[in-house]
Amino acid sequence: MADYIEGKRPLVEALRTHVPFKVILMADNVKHDSLINDIERKAKRLNVPVKLVPRKKLDELSERGSHQGVMGQTVPFTYHSGGDIIKLANAYADEHDGRALIVMLDHITDAGNLGAVIRSADAVGASGVIVPSKRSAGVTAATYKSSAGAVVHMPVAQVPNLVQIMERAKKEGFWVAGASEQKDGTIWDTNLKGKILLVMGNEGEGLSRLTQENCDFFVALPMEGKVGSLNVAQASTACMYEWLRQNQAPKA
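Taken in order, the sequence shown gives residues 224 to 475; the numbers are from our numbering.
Hints were generated in silico from the structure; no laboratory data involved. Beta carbons: idealized from backbone N, C-alpha and C, even for Gly. Careful, some of the hints might be misleading.
Simulated restraints, written as ranges between beta carbons of each label pair [to be verified]:
hint: 1; residue 1: 433; residue 2: 232; range: 14 to 22 angstroms
hint: 2; residue 1: 383; residue 2: 287; range: 42 to 50 angstroms
hint: 3; residue 1: 300; residue 2: 454; range: 19 to 27 angstroms
hint: 4; residue 1: 348; residue 2: 264; range: 17 to 25 angstroms
Straight-line alpha carbon distances no greater than 30 angstroms define the calculated BS3-like cross-link-like pairs of lysine-lysine that follow [stated by the list, open to error]:
hint: 5; residue 1: 254; residue 2: 265
hint: 6; residue 1: 394; residue 2: 416
hint: 7; residue 1: 254; residue 2: 274
hint: 8; residue 1: 280; residue 2: 310
hint: 9; residue 1: 254; residue 2: 280
hint: 10; residue 1: 231; residue 2: 310
hint: 11; residue 1: 231; residue 2: 245
hint: 12; residue 1: 274; residue 2: 310
hint: 13; residue 1: 267; residue 2: 279
hint: 14; residue 1: 245; residue 2: 280
hint: 15; residue 1: 265; residue 2: 279
hint: 16; residue 1: 245; residue 2: 368
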């Protein structure tokens with residue numbers, strides 16, 4: 224994530240969604256208003272230190288020149304390994320009748336979309352989200368915001384090679400399902416029971432060729448309106464909930 228978040232309202236929102244901060248830097252001559260007071264209250268509650276510094280120091284650190292007398296230095300996000308996510312999913316499956324879900328994002332580029340996917344993954348009980356380490360969105364302050372703080376609870380892995388993780392997951396008993404609107408049939412007709420690695424494609428181009436070649440099967444959402452597709456966050460949510468629906472025990 225970015226080293227600093229600038230400005231009163233962005234800091235209030237970041238603290239509200241539990242973006243981890245190392246320190247809040249506040250100009251020693253800043254005017255105390257309701258937003259500054261809110262920042263101080265939230266920082267105290269989260270045990271984030273507030274340090275008074277000369278305004279000139281903030282001017283030097285600011286990239287956008289809009290710090291409004293306050294900036295927050297963030298703590299870098301700690302990623303898991305792909306192997307960690309698979310282990311967590313296997314442990315989850317052992318306790319939940321053999322079902323587990325891992326979500327893999329094939330080079331999505333919007334940090335807000337990543338956060339929305341993480342939020343849905345947390346909601347359905349997924350074990351983790353996997354993204355590539357290059358040419359892909361990573362966890363930023365925007366991710367915390369769009370995930371409504373769920374990124375604090377959801378393990379996220381950055382990996383150098385998606386295909387290697389797909390192959391490892393298969394050896395561990397996972398079926399790899401690629402989401403593609405260009406495939407025949409719908410997700411409702413597809414068996415998603417058990418341990419599933421769900422692969423979602425890039426916002427514009429969908430699944431890459433190599434990723435497609437290593438999927439066991441494909442799932443598509445039925446589209447009956449005039450818009451030809453959903454964005455990746457919406458599509459991911461729909462697919463994840465179909466996995467959850469199929470894997471829930473029938474009510475007595």
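Task: 30 angstroms Cα cutoff - pair residue 245, residue 368 - done: Roughly 18 angstroms separates the two Cα atoms, so the pair holds.
Exercise for review: Take a quick look at whether residue 245 and residue 280 sit within 30 angstroms of each other, Cα to Cα.
Suggested key: At roughly 17 angstroms apart (the allowed maximum being 30 angstroms), residue 280 and residue 245 satisfy the hint.
CA of residue 231 to CA of residue 310, is that 30 angstroms or under?
-> violated, 41 angstroms
query: Using the C-beta atoms of residue 300 and residue 454, is the stated range 19 to 27 angstroms upheld?
result: holds, 23 angstroms
### Query
Is the hinted pair residue 254 and residue 265 satisfied, with a Cα-Cα distance of at most 30 angstroms?
Satisfied, since the Cα-Cα distance of roughly 18 angstroms is no more than 30 angstroms.
Could you check the hint for me, namely that residue 433 and residue 232 are 14 to 22 angstroms apart, CB to CB?
violated, 42 angstroms
For a C-alpha distance cap of 30 angstroms, please report whether residue 267 and residue 279 respect it. Holds, because 25 angstroms separates the two Cα atoms, which is no more than 30 angstroms.
Distance restraint between residue 280 and residue 310, which requires alpha-carbon spacing of 30 angstroms or less = violated, 45 angstroms
- Task: With a cut-off of 30 angstroms on the C-alpha distance, tell me whether residue 231 and residue 245 pass.
- Result: holds, 17 angstroms
Check the hint pairing residue 254 with residue 274 against an upper bound of 30 angstroms on the C-alpha distance.
holds, 15 angstroms
Margin query: Just to be careful, I want the Cα atoms of residue 274 and residue 310 compared with a cutoff of 30 angstroms; is the pair within it?
Written below: violated, 41 angstroms
* To do: Given the hint of 17 to 25 angstroms, check if residue 348 and residue 264 actually sit that far apart at their C-beta atoms.
  => Given about 33 angstroms between the Cβ atoms, the range is violated.
In summary, the numbered hints that this structure violates are 1, 2, 4, 8, 10, 12.
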